[in-house]
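Visitor: Sequence:
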Amino acid sequence: SYELQILESYGRPPESNGAGSIYLKEPPDTNAGLPTRTWQTYDIEFHAARFDASGKKTENARITVSWNGKMVHKNVPIDSPTGAGKPEDPAPGHIKLQDHGDPGPNPRFRNIWIERL
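To convert, take the position in the sequence shown, counting from 1, and add 1339; that gives the working numbering.
In short, the hints are calculated from the structure, not lab data. Careful: at least some of the hints might be erroneous.
Unchecked claim - Dumping the calculated DSSO-like pairs for lysine-lysine here, alpha-carbon to alpha-carbon at most 30 Å:
#1 K1395 / K1435
#2 K1435 / K1413
#3 K1396 / K1435
#4 K1425 / K1396
#5 K1395 / K1425
#6 K1425 / K1413
#7 K1413 / K1396
#8 K1435 / K1409
#9 K1413 / K1395
#10 K1435 / K1425
Said to hold, decoys possible - Label-pair distances were calculated between CB atoms; the ranges are:
#11 D1391 / Y1349: 38 to 48 Å
#12 S1355 / K1425: 14 to 24 Å
#13 A1392 / G1443: 42 to 52 Å
#14 E1454 / S1340: 11 to 21 Å
#15 K1396 / G1443: 32 to 42 Å
Ideal placement from N, C-alpha and C gives every residue a C-beta, glycine not left out.
All chains, please: the whole structure from these sequences, using the hints.
Guide: Here it is as structure tokens:
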């Protein structure tokens, strides 16, 4: 599985494993974070890794992320799971939202849409 960081980050420079980063893989091109307690938008286009009939991976997963209208990742390949993510395989995956319980105001979510491409 793959993890995109959604954290409080207003005013910080883009950083590895910070907001908008592909965890342990790629920092965002820019920090598009808005002030604390402001609704933010993430538009994520994800293409899962591809596998042949024998189960051998033939193509890496890819992700494009627009954060508050700014492109922060464009068709970035992800060569393997992030962090402790489950191993890649041809089975369909799922989306998971996680709160680490960081101090201060934490992100909340609404209007989540998932569309098959």
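Visitor: Just pull the numbers of the violated hints for me, sorted ascending.
Guide: Going through the list in order, the structure violates no hint and respects every one.
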